[in-house]
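Asks: Line by line, the protein sequences are chains A and B. Take the first sequence: its letter number 82 is residue 82 in the numbering used here, and every next letter is one higher. Take the second sequence: its letter number 97 is residue 97 in the numbering used here, and every next letter is one higher.
Calculated from the structure, these hints are not laboratory results. Just so you know, not all the hints are guaranteed correct.
Stated by the list, open to error - Here are the computed distance ranges between Cβ atoms for each label pair:
no., chain 1, residue 1, chain 2, residue 2, range
1, A, Thr79, B, Glu24, 16 to 26 Å
2, A, Thr79, B, Asn35, 31 to 41 Å
3, A, Ala33, B, Lys62, 43 to 53 Å
4, A, Gly56, B, Trp85, 34 to 44 Å
5, B, Asn72, A, Ser38, 30 to 40 Å
6, A, Arg87, B, Val87, 21 to 31 Å
7, A, Thr17, B, Ala63, 46 to 56 Å
From the three backbone atoms N, C-alpha and C, an ideal C-beta is built for every residue, glycine too.
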Amino acid sequence: MKRINNFIHTMQTQRITASIPTTLYQQMDELVAIGGRSKFVARAIKKEIVRIQTQGSPLDHFTNMVNDQSIKIPNLTTTKIKEYISRGRL
Amino acid sequence: MNHYILDASFLVVALLKNNPKVTEKWNIASNEVKNEKAILHSVSFFLSETANALRYTLEKEKAIVYLSLITNLPINYYNLQPEDWTVILDWSYTHNTTVYDTSYHYIASLLKGTFLTCDSKYYQKAQKEGFIELIK
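Start from the sequences, fold in the hints, and give me the full structure.
Replies: Written as structure tokens, this is what we have:
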């Protein structure tokens, strides 16, 4: 529990069982004290989640752009867009 | 496996969010591609048409970013052969359409796919060939 501005803040946690390669465990064992392992693993997972969310496929990037209504774009008719597609064409 | 043939009007309208039905269609098609149930196709001059539309629609920095989003999409660019152009030219006379617009439609017929377009004028002229869906 952590006290912030007179409010009691309790972080919800979930206990998990996971298997990792022995060498990876040994590396963590050398670097992280026993009491800090949950925090270490949580930070590593969070970092990977952010990496996956921000490095999606080109298909995802385009789809995100198409669906993001917060991005302001000129409001053009389809006829106008069609005109711009072929403008200057010989 | 579904084959979607995209023209510049469909992709630019989707990107500029001008039509919720186009957004919806894009979401369906892209989801099918992610699940390996569909393949996206277009023609080699699709990028020049798209870049031209962005050129006259957006400021430079935004247009460059948006074009890079499109160039990175998993689209198969069909390489039209000399014999293809003969058929395309024939179709364009038959339907009174441009060879540019007809090229997309011709590829859709070859692949037995669906030509996705927002061009209602082209659709009205050539819809009887089949293999085309107007999103409006």
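Asks: Each hint should be assessed against the structure and marked as holding or not.
Replies: Hint by hint, here is what the structure shows:
no.: 1; hint: Thr79/A to Glu24/B: 16 to 26 Å; verdict: holds, 21 Å
no.: 2; hint: Thr79/A to Asn35/B: 31 to 41 Å; verdict: holds, 34 Å
no.: 3; hint: Ala33/A to Lys62/B: 43 to 53 Å; verdict: holds, 49 Å
no.: 4; hint: Gly56/A to Trp85/B: 34 to 44 Å; verdict: holds, 38 Å
no.: 5; hint: Asn72/B to Ser38/A: 30 to 40 Å; verdict: holds, 38 Å
no.: 6; hint: Arg87/A to Val87/B: 21 to 31 Å; verdict: holds, 27 Å
no.: 7; hint: Thr17/A to Ala63/B: 46 to 56 Å; verdict: holds, 51 Å
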